[in-house]
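All chains should be built: construct the whole structure from the sequences, respecting the hints.
Protein chains in written order, with our numbering: chain E, 17 to 457; chain A, 2 to 306.
Any given hint could be a false lead.
Subject to a maximum C-alpha distance of 35 Å in a straight line, what follows is the list of computed DSBU-like cross-link-like pairs (lysine-lysine) [unchecked claim]:
1. 15/A to 445/E
2. 15/A to 413/E
3. 440/E to 61/E
4. 115/E to 168/E
5. 440/E to 69/A
6. 15/A to 440/E
7. 133/E to 65/E
8. 15/A to 245/E
9. 369/E to 64/A
10. 445/E to 457/E
11. 168/E to 452/E
12. 15/A to 369/E
13. 412/E to 146/A
14. 15/A to 407/E
15. 443/E to 69/A
16. 15/A to 412/E
17. 69/A to 407/E
18. 133/E to 115/E
19. 369/E to 69/A
20. 64/A to 407/E
Calculated from the structure, these hints are not laboratory results.
Remember, it's a predicted structure, so these values are computed and weren't measured experimentally.
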Amino acid sequence: MKATFRGGVHPAHGSKRPTQALATRDFVSDTVQIVMNMNIGAPSKPCVKKGDHVKVGQVIGEPVGFLGLPVHASVSGEVVAVDAIPYLTGDMVQSVTIKNDFQDEWEELHPLGNVEKVDPAQIIPAIKAAGICGMGGASFPTHVKLTIAPGKKCEYVLANGAECETHITCDDRLMQENATRVVDGLRAVMRALNVSQGIIGIEDNKPAAIAAMQKACQGRHGVRVQVMKTKYPQGGEKQLIKVLTGREVPSGGLPIDCGCVVVNVGTCAAIADAIIDGKPVIDRICTVTGAVRSPANLRLRIGTITEDIIGECGGYSTDPGKIFFGGAMTGMCLPNDQLPMAKSTNGIVVFTKEEAVSAEESPCIRCSKCVDACPIGLNPYDMKIFADAEKWDVCKKKHVMDCMLCGACAFICPARRWLTPSFKIAKQKIAEQAKKEAAAK
Amino acid sequence: MSLILSSAPHVRSKANTQRLMLNVIIALLPSLAAGIYYFGWRAALVVGVSVASAVAAEFIWQKLSRQKVRVYDLSAVVTGLLLGLIVPPSAPWWMMIIGSFFAIMVVKQLFGGIGDNFLNPALAARALLLASWPALMTSGYNIGKFADATSSATPLLAGASYMDLLLGNVTGAIGETCKIAILLGFIWLLVTRTIRFEIPAAILGTAALLGWALGYDPLTTVLSGGLLFGAVFMATDYVTTPMRWEARALYAVGVGIIVVLIRKFGSYPEGVTYAILLMNIAGPLFDRIPMHRIYGYTKAKKEGK
Ligand code: SF4
Ligand code: SF4
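Given below as structure tokens:
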């Protein structure tokens with residue numbers, strides 16, 4: 017039997033993945049604009065100025081703070097601007113714009129070689145130096161995730177190849193085209209943490225990726241593929257852990273609290289690149305689909321502008337109504353197509369005007385579909401009542417902090433209630449409140 | 002370029018409230034057709050009046066109370082249809098108007114409208130009509146194909162064969178007699194994922210088991226009276242069933258038990274209405290019993306703190 021979790025929904029997978037069978041191709045644009053807040057934590061500090069010549073892989077942003085990561089030039093050429101732009105959340109963010117000279121002149125790299133032979137102590141520092149953060153969308157700095165707190169022990173490293181979101185196929189393609197790199201990256205993490213068990217979880221709607229990964233695992237130490245049922249949110253960290261190990265992350269805790277570390281397969285490949293070739297994160301695969309003339313899986317240099325990417329895909333097929341980074345269940349909307357993609361941008365989806373129309377909220381009919389869908393076991397209809405009334409403390413009692421904002425409840429709700437957006441606000445309010453209280457003490 | 006900015010998720014399932022209600026309406030059509038086949042045009046009139054007055058009541062209430070008019074969500078049509086199908090075929094038209102207005106205005110809207118009523122409107126209206134005009138509600142079956150029947154045998158004691166029960170060749174309320182039609186509707190509801198099979202299955206299973214233990218024939222228990230109709234269409238009403246599956250299970254088993262107990266020990270031949278209404282009241286309490294686990298909480302680390 018194929019492994020799965022309780023709850024979840026089926027947001028019409030097959031029909032929404034026209035790019036599954038399309039091989040990845042490269043696209044390098046004239047200009048890239050690289051933002052400094054690509055990872056969770058303090059934004060990096062630009063260390064180049066207008067007029068500088070930079071090489072591919074050269075550090076252009078220095079890490080700031082505990083969660084900080086370096087940022088690297090993704091093309092060679094001249095820095096034409098260092099300025100602040102409003103990014104996805106609307107906040108102003110420093111950015112470095114580079115005019116590509118198409119010389120592809122590389123900074124000198126420092127490869128560490130074979131992942132099975134490299135000194136384990138060198139692995140995590142190399143991951144940090146390469147600027148790697150969660151490539152599945154979370155953008156959490158990977159070296160911090162891999163720094164295990166004293167007293168905790170990691171027993172499983174899980175490679176997340178579920179790719180349960182709608183539309184996105186970049187991990188699927190990566191696993192088909194570069195399976196060995198994914199396994200190399202997983203092995204590097206296992207060696208760095210001295211863990212003997214590595215499991216790659218893949219949903220059963222990706223048979224080619226499963227076959228490729230199984231082949232790549234042959235003869236490798238301690239790694240195997242586990243096929244999982246196709247259901248959203250199978251790739252949620254908590255669901256993945258439950259399905260692959262039978263364990264649960266304690267409420268409010270981290271995967272390591274149940275002996276697990278979860279790394280996206282894209283992140284695994286980036287780690288392998290960093291160790292074997294010494295290559296920092298300067299590109300990634302990104303699925304471009306929806307209302308564009310020719311949907312594609314593109315290997316993009318970090319900082320490629322959305323408009324250029326759409327142009328490479330034949331342009332809009334009709335007037336766009338909505339554009340978002342990521343899949344349709346959790347993606348972030350763009351105010352316009354001038355924004356650049358970042359390290360964690362796994363997909364760009366364009367909706368037509370009709371698709372973009374927001375559903376109007378109507379009264380809850382207590383159908384309990386949200387309850388059945390919630391993978392955490394919450395009562396979304398009930399939390400929503402108190403979120404609407406702005407009774408944040410009641411929301412908290414009803415476990416809104418355990419909500420992972422997966423969107424399953426809002427997806428299934430026949431009354432079109434804005435469940436997940438309300439919980440997002442509730443979580444923010446409660447977090448702010450907690451901060452205030454901590455400050456007052 | 003003007004782009005819409007909104008919070009995820011950006012896709013919604015196809016089934017909205019209106020679509021689900023439409024599914025229920027479609028599921029009720031075979032029963033309506035069977036009712037008209039057996040009881041003639043009089044049955045069509047009863048159901049027609051019931052639906053029309055339910056919709057009118059909803060519209061008038063929403064207009065008068067200056068709410069957004071939501072008649073198009075079709076929930077009033079469902080209520081009207083359900084009520085029309087659980088009364089005798091010769092029910093007078095004025096009684097149907099009273100029943101529908103009571104169902105919509107008192108049972109549903111007074112408590113806050115769709116989603117907030119704790120009693121099933123159609124069943125509550127039937128209970129009201131039964132209490133007010135018991136004679137009219139328990140007779141008048143001798144029309145249509147049953148015009149020559151000597152007496153209006155109570156549906157339960159008809160002593161009919163399985164085949165008669167299945168086909169609906171027995172007297173009873175308009176939509177409750179033909180089990181084949183009800184099962185067709187049930188299949189439609191399952192295929193379209195409008196309802197889950199657990200509630201009807203648990204009710205019927207419990208009733209059959211308990212009936213058997215008390216000396217009834219299990220299959221006759223399930224096929225007689227309004228049990229099948231109630232289990233499929235009434236006990237699965239979204240608003241008045243518990244939210245968590247653990248609570249739904251208790252609710253369904255409760256309905257099954259009460260139905261059989263009323264049949265065995267009650268003075269009414271037909272306990273389905275009261276059984277479901279009683280469990281409607283108990284349902285919210287079941288939801289309060291903390292029976293389910295939330296991800297990430299172990300027994301030691303109890304939820305709540
Ligand atoms: S968004 Fe939150 S409440 Fe809704 S299904 Fe996901 S975890 Fe449950
Ligand atoms: S899915 Fe929507 S309508 Fe159904 S119970 Fe949940 S909030 Fe209410």
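Verification of the hints:
{"no.": "1", "hint": "15/A to 445/E", "result": "holds, 32 Å"}
{"no.": "2", "hint": "15/A to 413/E", "result": "holds, 32 Å"}
{"no.": "3", "hint": "440/E to 61/E", "result": "holds, 29 Å"}
{"no.": "4", "hint": "115/E to 168/E", "result": "violated, 46 Å"}
{"no.": "5", "hint": "440/E to 69/A", "result": "holds, 28 Å"}
{"no.": "6", "hint": "15/A to 440/E", "result": "holds, 24 Å"}
{"no.": "7", "hint": "133/E to 65/E", "result": "violated, 39 Å"}
{"no.": "8", "hint": "15/A to 245/E", "result": "holds, 22 Å"}
{"no.": "9", "hint": "369/E to 64/A", "result": "holds, 33 Å"}
{"no.": "10", "hint": "445/E to 457/E", "result": "holds, 19 Å"}
{"no.": "11", "hint": "168/E to 452/E", "result": "holds, 30 Å"}
{"no.": "12", "hint": "15/A to 369/E", "result": "holds, 18 Å"}
{"no.": "13", "hint": "412/E to 146/A", "result": "violated, 61 Å"}
{"no.": "14", "hint": "15/A to 407/E", "result": "holds, 31 Å"}
{"no.": "15", "hint": "443/E to 69/A", "result": "holds, 31 Å"}
{"no.": "16", "hint": "15/A to 412/E", "result": "holds, 31 Å"}
{"no.": "17", "hint": "69/A to 407/E", "result": "holds, 25 Å"}
{"no.": "18", "hint": "133/E to 115/E", "result": "violated, 39 Å"}
{"no.": "19", "hint": "369/E to 69/A", "result": "holds, 26 Å"}
{"no.": "20", "hint": "64/A to 407/E", "result": "holds, 31 Å"}
Hint compliance for this structure: hints 4, 7, 13 and 18 are not met, and every other hint is.
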